[in-house]
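Make one complex out of these two single chains by using the hints.
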Amino acid sequence: MQDAPTPVELLSVVADFLSNEVLPLLHGATAFQLRVAINALSLVQRETSLAQVQAPLEHARLRALLGHDGSLQELTAALAQGIADGRLDVASPDLAEHLWQTTCDKLEVDQPKYAGYVRALQLHAAARRRATDAASS
Amino acid sequence: MEMIISAAAANPSVLNASTLESLIRRVVPDAQGISGLRRLSGGASQETWAFDADLDAGKLALILRRAPGGEYRNEAASGLDIEAAVIAQLERLGVAVPRVRYVLLPDDGLGYGFVTEHVEGETIPRKILRDTAFDAIRPRLAFEFGRVLASIHRAPLEAMPPLRLLPARETLVMLRAIHLKDVTPRPVLELAFRWLADHLPAASVLPQLVHGDFRNGNLIVGADRIRAVLDWELVHLGDPMEDLGWLCLMPWRFGAVDAPVGGLGQREDLFAGYEAGGGAVDAQRVRWWEVLGSLRWAIACADMVSVFRSGADRTVERAMVARRASENEIDLLRLLQLGD
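Read top to bottom, the protein sequences are chains F and P. Using my numbering, the letters of the first sequence correspond one by one to residues 639 to 775. Using my numbering, the letters of the second sequence correspond one by one to residues 69 to 408.
One should not assume that every hint holds.
What the hints assert, rightly or not - Here are the computed distance ranges between Cβ atoms for each label pair:
1. F:Ser709 with P:Glu188: 55 to 63 Å
2. P:Thr200 with F:Gln760: 25 to 33 Å
3. F:Asp727 with P:Glu188: 52 to 60 Å
As the list claims (entries may be wrong) - Short derived list, chain F residues pointing at chain P, Cβ under 8 Å:
4. Phe655
5. Leu664
6. Thr741
7. Ala753
8. Tyr755
Hints were generated in silico from the structure; no laboratory data involved. No residue lacks a Cβ here, since even glycine has one placed at the ideal position from N, Cα and C.
Here chain P stands alone, though its shape is the one from the complex (with noise of 0.2 Å):
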């Protein structure tokens, strides 16, 4: 689980602007040089930047995003070459996804990753929960995010590059091997552990593909429509009704607390759009991977103490990122003793 963390916008690692130019002159066709290169402030373990291709007509705008290497990796992350892989996929299947223009060799000396187009519109939740530009949108975003997780969940498997298997059990164990660093005894997090497995989900559910991070945060929106899904970074193939779980979680409600779906809308509206998109809900299941969500929020936070005393990152909001597990645990307690 990647935390998001400003801290990272505060430190950039170096990246190479007349390296970076260089590739772009000879992957975009036409382009003179690049311009307006900055670091947009994004996740720990990688990093996002926008910059524009000059061209011999306008610009066209870029984000790269990549791996130096040698960094904090996160447990589920699938490898940004295969995010490319997802991404383009889904591109041909019409899934609203930014356009992938190139992925990074070895030999481009920038690290991995890959360059996608710029996809404008919005993706601060606040700013679409509040601004006046979302209000014809806003009412209808849960049943879009319902549509568009459909549309994700059905794409062919055959087509896509090999990823992680990540089942209910399998995401269970994973957790679990991770809490066993905690040196801190957590006993409503004991609680939850037990709760996923004694109410298992079957382990016939059908292996499908399953984005992993899909919340308000990581969708561009539109004052129209949905305009491309981001952060690939978890993909993998599990249980779909993970992405729905997910997204009902208590930190994208961004204060919207009667609202389950982003702060936005109700699961009724959010199961609907998923079905009128060909998909298929099940509403228990959907809660055993909301629990299962706080549950991996929590461990995440209670992880970063160790990153804080190992000396790895020594910051104020680092150690301030810990403290926030008991939020979770209040989540978790609310789920399972007082239902939402």
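Next comes chain F alone, as it looks inside the complex (with noise of 0.2 Å):
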């Protein structure tokens, strides 16, 4: 066991840091590039805390998917390969709802703000509701 602060904190005071103090200082392409590893290190923070919550249930969801074990790496490489060579049913509502959410797991790391997720958000939501409509009526 580590002592704190925790990664999250030092990436998070380091970023702080580099906003409030250093990018004032610069101008230009410099400054751009600054902003860009700001970018960077809040990436890092938000991969950090939320790979723990997300691992664990895409490698449960992989598992059900396939039926066998295997890593990450291995069962994303074994999905990718049944898509590919049409083994697998594209047209399951498992397989749509795995990488629906494995997508969105990644966008909530890599670019959370990004509109066209926003947009798809929207949408898949939308979707939902219509779903459970019919199903009721």
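Structure representation (structure tokens):
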């Protein structure tokens, strides 16, 4: 067990220092590069916090879809291969749900504010509501 | 696929200003010299420079597009000499393009490229989307995009230089070859590849001139009209619906997600302009190319992992572009699972 502060706390304080103390001193291309670097630190923060929650669920979905065990990397590769060679039914709701959830997990880390993600979430919620309404009527 | 990176602007490669100046004195009548030479931010494989030719009376604003040679090259790029020949031919046909003044020769000592006249107007998408100067033209732009595209697509091919033939099937094969280098398993991209193979357009589509990167950002827009179509690097022969689909990709909407045509209008507006310009729209094929475009953009981002890891470009920006492949994956799922 390592001592505190945690990696997330350290990343957070470094990102704040760069944003508040260093960025105002820079301009032009260097300032742009620093903004990208700060975004990279924020991404690592999000991945560090979220991976513990996301990975076990993703792993469980993959085992259920494929019917065998393996590492997350191996099972993801098997899923990609199964889609490519036609062994997996791409019309299966479980497969669609897994791809949706896994991609949302990536966006939550990579770019949670991406306009296309926000749009996709709205459309997905609307489709869910329609499905629920159809089932209950 | 060329990634637009501003890192290129931070590290301008050497352009010998006196070599350029003596060239301009030779090829532009009355030019005494050049001034105001500056690098515009732009692509990673090509440079764009702006400068003025100082004439006896006044100045002539010029643009140099060039590749110094030996750099990372776009797999689908046509080559700058081809690009210049296409632009010159389109100008003769009355299409809105910059006037080509000179095509570089090896003896000029400036690499490959060409010089055009500068065209006044705006290229920055966020300004076109928001500045009051464009309030009057903005509601018409999606329609105008369609009209301009139709004028490009009907260009007679006999007068064009030799161009790569990249119809639907060949484009898919090309993307698969690039994607084979990807070490990360990507089930969503496999889903897109399968959908595209299952819905491949008929091979009988007549090849026409395709711009290949027609979008908000590569057009010079004035308050009155579209002044010029730029960046012909990816020009080829293929399915004209490719240009219509590419224009509707999420990244070119710049946050205006409900307006598929470059954040400016609806597909119906684009299609109406295209038909008004004499083109025929096949909406299903447009959709096929929209899916292909998202896949292509995903693969271009994912490919940055190898560029980064190879040491060819160790910038933070390059590394972070690789993490944007997921944006295109969610776009693909939206297109394939949710409509739009």
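Hint by hint, here is what the structure shows:
A C-beta distance of roughly 58 Å is found between Ser709 of chain F and Glu188 of chain P, which places it inside the suggested range of 55 to 63 Å. Range check, Thr200 of chain P to Gln760 of chain F: Cβ separation about 29 Å, and the 25 to 33 Å hint holds. In this structure the supplied range 52 to 60 Å holds for Asp727 of chain F paired with Glu188 of chain P, their Cβ-Cβ distance being about 56 Å. Proximity of Phe655 of chain F to chain P is violated relative to the hint, the smallest CB-CB distance being about 17 Å (cut-off 8 Å).
Of the supplied interface hints, the one on Leu664 of chain F is violated, with its beta-carbon coming no nearer than about 12 Å to a beta-carbon of chain P, more than 8 Å. The interface hint given for Thr741 of chain F holds, since its Cβ lies 5 Å from the closest Cβ of chain P, which is under the 8 Å cut-off. Evaluation of the Ala753 of chain F hint against chain P yields a held restraint, the C-beta minimum of about 5 Å falling below 8 Å. The restraint placing Tyr755 of chain F at the interface with chain P holds, with a minimum CB-CB distance near 5 Å, inside the 8 Å limit.
This entry does not satisfy hints 4, 5, going by the numbered hints stated previously.
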